[in-house]
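Counting along the sequence shown from 1, when you hit position 228 you're at 228 in our numbering, and nothing is skipped either side.
These are computed hints drawn from the structure, not numbers from a lab.
Keep in mind that this is a model prediction, so the values were computed, not measured.
Please note: incorrect hints may appear among the correct ones.
Distance ranges between label pairs, derived from CB positions [to be verified]: (1) Asp182 to Asp274: 42 to 52 Å; (2) Glu77 to Ala212: 26 to 36 Å; (3) Ala296 to Pro211: 52 to 62 Å; (4) Glu294 to Asp56: 47 to 57 Å; (5) Ile55 to Glu294: 49 to 59 Å; (6) Gln81 to Leu46: 18 to 28 Å; (7) Ala296 to Asp182: 13 to 23 Å; (8) Glu237 to Pro41: 52 to 62 Å; (9) Gly31 to Glu77: 39 to 49 Å; (10) Gln136 to Asp56: 39 to 49 Å; (11) Pro68 to Thr338: 49 to 59 Å; (12) Pro101 to Arg29: 52 to 62 Å.
Quick reminder that beta carbons are idealized off the backbone N, C-alpha and C, glycines included.
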Amino acid sequence: MDQTPLDVAQPHVALPRRPRVLPGLAVLRRGDHELQIGIDPRHGVLLDNLSGDLIDLLPAMTGEATLPELLDRFADERSRQAAVALLTSLADAGLLDDASPDGGGPQMPARLSADATAWSLRTGNPRRRLPFNRQQAAVAVRGEGRLGVAIAGLLAAAGVGWVDFDAAGRVRAEDTGTGYLDTDVDLPRREAGIAAIHRSVCTAKTGRLPPARKPDLAVLTDAVVPAPGMIAALQAEGVPYLLVRMRDGTGVVGPLVVPGRTSCPHCMDLHRRDLDPAWPLLALQLAGRPQAAELAATQATAGFAAEQALLTLDWWLSGTGAPTLGNASLEIDTAAGTVLTKPWPPHPDCRCGAVGPEEASV
């Protein structure tokens, strides 16, 4: 596997007080004078022509020793300067973390350690910011089937501070397996769903959002055609929303709708009508109606959807990155092992205000 050689150059950034390699990244020995950090070629780097002391330095960087204590391992000034240059290059590459107890952010739950490392590698931001960013977010999840409760639990476990879950009706036996328990059958879905979220994170906020606090994102699940009233309210309030549903065994995630900027469900209906004149009649019958969802495909689709929701929150709240599903959806066929991207450009006959794909920017 090809890795990127790391350029050991002059210092450009301040070094952490208690430096360690980003938790979860493997530090691997490739020879007497060569190390590899990470195993994914997008992020992994090679360190070569290292002295024995430098080879031994990285495994010693557990976060327990301060920077001066680590540098005291070297007998002369030249060796210490080489160590500082190496650490600075790692910091420049975004591969170092500060393990100080007051390292600049709230205490990180252990379950978010891998999330924080992946987020730091993807965005270049210090991993300690992740818990704070997600804790401030509020997401509304709506859906009466297996997808809604699965996604709500994933978002809460991923650190989203407020997950407002709502689902009408009562739990059916075929709803269980992704959050609902067998003992939840015949209980109100909202009550059972909130209990499922609290099994993931007992401290999660799950009450209804007050009128003054709009959700940062809504996730509408389980129905191939979302309820028109719910869509109209989100469009009017300018709340971004992600559509997630199952379609006869295929999971579909997206589009992400940013009102006035990307294509909306009515755009989708118009495109479908162009291909099938009977679609409006079919849509009336499907509106708000949950679809059957096989377990494995549902779990895979929920994972894709939760990741896209988290990416959207990063972008919407802090300007980090950009969503990938504006004007597009993913079709996930777990049996065939395929993930296809389907474009959904704004429709010229829709009055939602979305611009064409050549002008859109999300």
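Outcome of the hint check:
| no. | hint | verdict |
| --- | --- | --- |
| 1 | Asp182 to Asp274: 42 to 52 Å | holds (45 Å) |
| 2 | Glu77 to Ala212: 26 to 36 Å | violated (60 Å) |
| 3 | Ala296 to Pro211: 52 to 62 Å | violated (39 Å) |
| 4 | Glu294 to Asp56: 47 to 57 Å | holds (51 Å) |
| 5 | Ile55 to Glu294: 49 to 59 Å | holds (50 Å) |
| 6 | Gln81 to Leu46: 18 to 28 Å | holds (21 Å) |
| 7 | Ala296 to Asp182: 13 to 23 Å | holds (19 Å) |
| 8 | Glu237 to Pro41: 52 to 62 Å | violated (43 Å) |
| 9 | Gly31 to Glu77: 39 to 49 Å | violated (27 Å) |
| 10 | Gln136 to Asp56: 39 to 49 Å | holds (41 Å) |
| 11 | Pro68 to Thr338: 49 to 59 Å | holds (53 Å) |
| 12 | Pro101 to Arg29: 52 to 62 Å | violated (30 Å) |
This entry does not satisfy hints 2, 3, 8, 9 and 12, going by the numbered hints stated previously.
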